[in-house]
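There are 2 protein chains.
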Amino acid sequence: MSQHPSEPSPILFFDTINAHQRTAALKAAIDLDLFTAIGKGNATAQSIAQSCAASERGVRILCDYLTVIGFLTKEDGRYELTPDSSMFLDRRSPAYVGGATEFLLSPLLTDGFKDIAAAVRKGGTVMKDAGTVTPENPVWVDFARGMAPLIGMPAQLMAQLVIGESKQKMKVLDIAAGHGLFGIAFAQANPNAEVVAQDWQQVLEVAQENARAAGVSERFTTLPGSAFEVEFGTGFDVILLTNFLHHFDAPTCEELLRKVHAALGEGGRAVTLEFVPNEDRVSPPGAAMFSLVMLGSTPSGDAYTFSEFESMFRNAGFSHSEFHPLPPTMEQVVISQK
Amino acid sequence: MSQHPSEPSPILFFDTINAHQRTAALKAAIDLDLFTAIGKGNATAQSIAQSCAASERGVRILCDYLTVIGFLTKEDGRYELTPDSSMFLDRRSPAYVGGATEFLLSPLLTDGFKDIAAAVRKGGTVMKDAGTVTPENPVWVDFARGMAPLIGMPAQLMAQLVIGESKQKMKVLDIAAGHGLFGIAFAQANPNAEVVAQDWQQVLEVAQENARAAGVSERFTTLPGSAFEVEFGTGFDVILLTNFLHHFDAPTCEELLRKVHAALGEGGRAVTLEFVPNEDRVSPPGAAMFSLVMLGSTPSGDAYTFSEFESMFRNAGFSHSEFHPLPPTMEQVVISQK
Chain G
423 MSQHPSEPSP ILFFDTINAH QRTAALKAAI DLDLFTAIGK GNATAQSIAQ SCAASERGVR
483 ILCDYLTVIG FLTKEDGRYE LTPDSSMFLD RRSPAYVGGA TEFLLSPLLT DGFKDIAAAV
543 RKGGTVMKDA GTVTPENPVW VDFARGMAPL IGMPAQLMAQ LVIGESKQKM KVLDIAAGHG
603 LFGIAFAQAN PNAEVVAQDW QQVLEVAQEN ARAAGVSERF TTLPGSAFEV EFGTGFDVIL
663 LTNFLHHFDA PTCEELLRKV HAALGEGGRA VTLEFVPNED RVSPPGAAMF SLVMLGSTPS
723 GDAYTFSEFE SMFRNAGFSH SEFHPLPPTM EQVVISQK
Chain A
423 MSQHPSEPSP ILFFDTINAH QRTAALKAAI DLDLFTAIGK GNATAQSIAQ SCAASERGVR
483 ILCDYLTVIG FLTKEDGRYE LTPDSSMFLD RRSPAYVGGA TEFLLSPLLT DGFKDIAAAV
543 RKGGTVMKDA GTVTPENPVW VDFARGMAPL IGMPAQLMAQ LVIGESKQKM KVLDIAAGHG
603 LFGIAFAQAN PNAEVVAQDW QQVLEVAQEN ARAAGVSERF TTLPGSAFEV EFGTGFDVIL
663 LTNFLHHFDA PTCEELLRKV HAALGEGGRA VTLEFVPNED RVSPPGAAMF SLVMLGSTPS
723 GDAYTFSEFE SMFRNAGFSH SEFHPLPPTM EQVVISQK
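Note that the protein sequences, when read in sequence, are chains G and A.
If you number the first sequence the way the numbering used here does, the last residue is 760 and the count never jumps.
If you number the second sequence the way the numbering used here does, the last residue is 760 and the count never jumps.
With the rest of the complex left out, here is chain G (with noise of 0.2 Å):
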């Protein structure tokens, strides 16, 4: 924000000690409604301030933070919503994603990052019992429920890589299945394919509204428990492992795995998807921020590399493994086979 970048600023600094108020901003726009009221044409602080029943003084001052981070446009004193915020943040829309906010900004997540020294210190997160990965702990189920408008894109791309055109018979296990998109899109993609979702049972009963609105319902059970402790049974052609593997350590990631590969028919695939920085672990930068998130709120979750992902397969078992990005999402893919 220096006009001078090249002489030394306290701007990086002051931005992010500040960047607290970003996340203010964008949420106290959620909680408003604001970003529906200006999608109906509602473009003047009056206007929008009318619609959202708040202060004009207040929504002139919002709107003006919201243009300067990138979530609006302002011309003549008229606030525009950009494309992406007509998609992801209009309540209207079938992307809206403003619900993930009571997940992402869950005490159970944010608490984490109340003292992040105090982590740094043990290596772990500071929260009581294991942080996000207690069992039977309700955040999944806000989980499961508020970020499942992001996934659908995600899960159709990972599907169409793993299975392509491909309608043969073909068993699915979804572990962790959260909201069930996932395995869902592989039934969507494939009429014979039949899903298995595992979760907690609390969860799974989202999982099983999300297959009914799917239409997917009579291809998809579920099996409820602990990915840890349930029998996944055997003769998979595919196993998901979504955003899972990342809330532990090594050991415990290849003691699933052993269990994964055993569940595997001849020829079958693990399928993880996960936010897997490079080996400098500084790239790309989502996922190598999400590092962070692990330390804070998991005793020992990590982004691991494909080099680490590659070996706690090899130590498990699987033959080889495959490393695909998942372009426009910040996650990447690794395949495994049996």
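Derived by calculation from the structure, the hints in this document are not laboratory data.
Wrong hints could be hidden among the right ones.
Given that identical chains are not distinguished, each listed pair holds provided it fits within a single copy or across any two copies.
Once the Cα atoms are required to be at most 25 Å apart in a straight line, the calculated SDA-like pairs of lysine to any residue come out as [what the hints assert, rightly or not]:
{"no.": "1", "residue 1": "K536", "residue 2": "L434"}
{"no.": "2", "residue 1": "K496", "residue 2": "G545"}
{"no.": "3", "residue 1": "K536", "residue 2": "T523"}
{"no.": "4", "residue 1": "K681", "residue 2": "Q623"}
{"no.": "5", "residue 1": "K536", "residue 2": "V561"}
{"no.": "6", "residue 1": "K544", "residue 2": "A475"}
{"no.": "7", "residue 1": "K544", "residue 2": "Q472"}
{"no.": "8", "residue 1": "K760", "residue 2": "E688"}
{"no.": "9", "residue 1": "K496", "residue 2": "R543"}
{"no.": "10", "residue 1": "K496", "residue 2": "F745"}
{"no.": "11", "residue 1": "K681", "residue 2": "H742"}
{"no.": "12", "residue 1": "K536", "residue 2": "D453"}
{"no.": "13", "residue 1": "K462", "residue 2": "D702"}
{"no.": "14", "residue 1": "K760", "residue 2": "H742"}
{"no.": "15", "residue 1": "K536", "residue 2": "F666"}
{"no.": "16", "residue 1": "K496", "residue 2": "F728"}
{"no.": "17", "residue 1": "K462", "residue 2": "R543"}
{"no.": "18", "residue 1": "K536", "residue 2": "G521"}
{"no.": "19", "residue 1": "K536", "residue 2": "R479"}
{"no.": "20", "residue 1": "K681", "residue 2": "D671"}
{"no.": "21", "residue 1": "K544", "residue 2": "L503"}
{"no.": "22", "residue 1": "K536", "residue 2": "E524"}
{"no.": "23", "residue 1": "K536", "residue 2": "G568"}
{"no.": "24", "residue 1": "K536", "residue 2": "K550"}
{"no.": "25", "residue 1": "K544", "residue 2": "T523"}
Let chain G serve as the given structure and place chain A on it in line with the hints.
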């Protein structure tokens, strides 16, 4: 952070809703004195961890995160400070700003951001009493101590802008002086300048320490109390209003400016240092974003545009006002002539 920024993407949403993590990571690094450890030559996670009495795993994750957001560089697993981090975040640097976090992240400021939606509905702070403008609020002692290292350079730039090389006899009144460094810069630039610093008594004790350290205490007197209540005296050549008017609404500012006008001698000037957004209120970013801080933390403060300042000063009896950016700071100067 997307590889395909032209497609609609929720990346800005994620980046913003998680921005509070940037604040937390930077605060942790300052709490751990991690930048000083690296400045002293500790380059690996292991060596930094030893120096900071922290876990290697936690330090590795935090340093990678700080690299992604621009505070460190990393090559072959070795971390180094950027020039900005070296100047502003290594405790051994005279420009160390780490202490400013005590003010910038004090509950009195951050509490105002707990529910910005409520502040937008109401049109001002929802903190009890008057937020940061409560009389004798102890936050201003933290401010005076923590922000001082940041002020030396802007204070010198401002003194140079206003009085240049002048060594004429000069009476300067520094309103809401805080750390006192703006007045002190005038006393240092001109050995014939006498400075009166006004603020709450407990804050002026910090200013007096700073005046003694700068060797100007013989020409530095104090005027304890509220700027709205104490008698300023008369015949001042320069009256400084640095980061003060933004706490109040325009009628309150005008009331004070009439008092300032009366205290100036013939040809005297009021010098206002402020976050002054352009007339569009959404540029430049640093000044434009400041408005939200005032919405969250004061009943009716704001970041005023130059035309708004011009009108306030005109209404208070000033003949004309001039606008000056003060690069490389994020602030601007308004000089108003009696």
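Task: Structure versus earlier hints, numbers of those that do not hold, lowest first - done: none
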